[in-house]
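**Q** Input sequences plus hints: build the corresponding full structure.
2 protein chains.
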Amino acid sequence: MTRFDKLSASLRDFGLDAVALNPGPTLTYLTGLRFHLMERPVVLLFAPGQPPAIVLPELETQKLVGLPFDVTPFPYGENPAEWDAVFRRAVHSLNLDGKSIGVEPRALRLLEFRYVKGGAPEASFPDASSALARLRICKDQDEVQKMRRAVQVAQNALEAALQNFKVGMTEKEFAAELTVQLLRHGSEPEMPFSPIVSAGPNGANPHASPGGRPIVRGDLLVVDWGATVDGYISDLTRTFAVGEVEAEYRKIHQIVQEANAAGRAAGKPGVPCADVDAAARTVIEKAGYGPYFTHRTGHGIGMEGHEEPYMRGDNLQLLEEGMTYTVEPGIYLPGRNGVRIEDNMVITQDGCESLSDMAREMRVIE
Amino acid sequence: MTRFDKLSASLRDFGLDAVALNPGPTLTYLTGLRFHLMERPVVLLFAPGQPPAIVLPELETQKLVGLPFDVTPFPYGENPAEWDAVFRRAVHSLNLDGKSIGVEPRALRLLEFRYVKGGAPEASFPDASSALARLRICKDQDEVQKMRRAVQVAQNALEAALQNFKVGMTEKEFAAELTVQLLRHGSEPEMPFSPIVSAGPNGANPHASPGGRPIVRGDLLVVDWGATVDGYISDLTRTFAVGEVEAEYRKIHQIVQEANAAGRAAGKPGVPCADVDAAARTVIEKAGYGPYFTHRTGHGIGMEGHEEPYMRGDNLQLLEEGMTYTVEPGIYLPGRNGVRIEDNMVITQDGCESLSDMAREMRVIE
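Sequence order for the protein chains is A and B. At position 355 of the first sequence the residue is numbered 354 (numbering that gives the first Met the number 0), and the sequence of numbers has no breaks. At position 216 of the second sequence the residue is numbered 215 (numbering that gives the first Met the number 0), and the sequence of numbers has no breaks.
Just so you know, the hints here were simulated from the structure itself, not pulled from any lab data. Keep in mind that a hint or two might mislead.
A pair counts as met if it fits within one copy or between any two copies, since identical chains are not told apart.
As the list claims (entries may be wrong) - Restricting the straight-line Cα-Cα distance to at most 30 Å, the calculated cross-link-like pairs of lysine-lysine (DSBU-like) are:
{"id": "1", "residue 1": "LYS165", "residue 2": "LYS145"}
{"id": "2", "residue 1": "LYS285", "residue 2": "LYS165"}
{"id": "3", "residue 1": "LYS171", "residue 2": "LYS145"}
**A** Here is the structure:
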């Protein structure tokens with residue numbers, strides 16, 4: 000069964016006549032094609048039983064040469080005034096007006112949406128995220144192998160970067176050093192995200208950007224980083240002690256480490272995602288730090304940094320073999336310091352496995 | 000005049016009551032705030048005369064601490080079922096229903112759009128790109144200085160990477176080496192784009208991705224790369240000869256070099272963008288290679304890799320002091336090789352200046 004066949008089946012199950020996709024993981028998963036998301040719209044239209052149509056800039060058409068499936072190109076030139084007519088032709092070629100055309104609201108921009116809608120004013124555009132997530136949510140062996148390599152590259156890179164760590168470096172400097180090592184160790188240049196390197200008060204912000212403050216003794220240092228290998232990513236976090244740190248920081252590190260272990264142990268086929276969240280969260284709540292764990296326990300991972308399934312307390316979705324996700328509990332003490340420990344998991348036939356194995360114990364660097 | 004004051008004036012001129020912005024350059028330009036674009040929607044709503052409202056995840060609210068302007072936060076928790084109500088409250092707080100709410104179709108996703116529209120079902124959502132582009136299109140001295148540094152970092156990085164070039168490296172290997180050097184020389188990790196390194200037949204594709212083919216003697220090597228400094232970017236291209244190359248390749252390099260010089264010379268205040276395109280294009284057409292120059296001559300540049308003004312034959316927009324843009328003519332011989340030479344320009348009081356000065360003559364590397 001080709002990936003387009005899987006898509007056709009999923010669209011039928013969800014009552015959708017077609018999908019309209021812009022550049023991103025779903026389009027790449029289906030076609031192998033990669034485009035930058037830019038001011039020139041690119042849209043793939045697919046309706047079961049017909050070759051897909053793709054609207055794209057003339058200067059991108061070379062990418063279609065040698066594809067292992069039929070696709071009808073609708074190229075356009077540099078003048079945006081022409082684009083509307085080209086989109087209309089593409090939409091009409093698949094006879095999509097009045098149909099139910101699924102879209103990905105997290106990916107599709109108004110730019111592409113308005114052109115597609117221009118060609119199909121009577122169509123409806125329901126959210127097809129679930130129909131599409133289903134295609135990619137269970138990874139095959141080949142995909143897991145790529146993720147395993149992305150984890151290995153990331154771990155090796157951080158180990159190398161730590162050899163060059165010096166107290167007094169700024170967060171930005173260590174982030175740049177880590178990025179260099181990620182590339183040296185084999186990550187693709189399109190990384191899943193820029194490494195988060197946050198120390199001291201900045202570490203209390205789970206989504207901090209690296210800043211210009213020097214990393215000093217007494218800080219906890221949160222490093223949240225990942226690599227890309229063959230389009231698949233890793234997303235890990237470790238927290239280090241810079242020299243001697245306060246007793247409470249050692250304590251919260253220990254609690255988060257136990258929460259991470261409990262979260263990692265909880266996954267197996269048939270278990271709801273909510274149970275993974277609960278396993279990690281309970282450890283932190285019992286220790287009295289519940290209010291300081293301000294986010295869900297994890298998210299799916301694969302071609303995207305955040306994808307289904309989400310490890311959230313209200314998510315009753317059942318885990319299945321091949322699902323891959325993060326376990327990343329944390330404790331954040333506002334204005335002081337934070338701890339997060341994150342691993343990448345895969346559900347196996349009868350349990351789960353952590354793709355990452357870098358030591359989780361609090362390591363002192365200086 | 001603050002940037003929000005400029006925005007208020009521009010909205011009035013374009014007959015807009017408000018704007019809805021998701022994370023991206025416009026939001027960062029106005030507020031200094033940076034967010035990753037992810038599955039959790041973030042939207043800033045602004046209507047003149049009122050503090051802006053921002054809908055964002057609870058765990059991102061720390062970023063609002065210490066902002067130099069009033070903003071009303073509408074934070075939400077982890078359960079997407081709650082988000083709709085939070086968006087409604089934010090939209091109602093500014094009394095936006097029935098109003099004309101400008102949007103950026105190239106940035107705003109259906110995700111954010113549908114939540115905003117949920118709170119303002121009677122509003123209209125016209126394209127505010129022009130009203131917003133006007134804010135950022137003329138750079139002040141501080142912005143030009145950042146771009147100058149982004150150019151310098153890029154040039155130094157390529158020079159360093161070339162020292163490590165070896166015939167037989169793959170495009171991907173040289174792209175990784177260049178990325179490492181960009182970071183070492185001071186680029187922020189969020190680069191404007193992954194370097195394009197394309198040799199031989201791949202160089203005939205203006206938007207190629209680096210591939211696994213070794214770069215061999217006789218190839219032209221196109222390197223299209225840039226750096227980010229303080230949120231501003233550079234975007235340059237140089238084409239090298241790998242050892243001895245065919246006479247026709249030397250010839251097209253010479254033609255493109257002349258086209259680049261003509262395009263660089265054409266800009267000054269009051270001149271239409273179309274004239275810059277025509278200046279470069281005429282050189283290539285006169286040499287008989289017109290059909291092989293398949294894209295516009297350039298695009299605006301600043302916080303984004305592609306922004307207004309566009310150097311296109313049909314663009315009658317007049318250049319003004321402080322506008323910054325690329326001049327990047329090329330000749331692409333399908334299946335064989337390509338040449339592109341790209342510089343970054345700024346319009347001065349009475350002419351223009353190239354921010355980039357790396358030698359443009361065909362340099363032989365081996």
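**Q** Regarding LYS165 and LYS145, is the shortest C-alpha distance of 30 Å or less found within a copy, between copies, in both, or in neither?
**A** between (32 Å within a copy, 28 Å between copies)
**Q** Under a CA distance limit of 30 Å, which applies to LYS171 and LYS145: within one copy, between copies, both, or neither?
**A** both (29 Å within a copy, 17 Å between copies)
**Q** Is the C-alpha distance from LYS285 to LYS165 at most 30 Å within one copy, between copies, in both cases, or in neither?
**A** neither (36 Å within a copy, 59 Å between copies)
Violation of the numbered hints given earlier is confined to hint 2; every other hint is satisfied by the structure.
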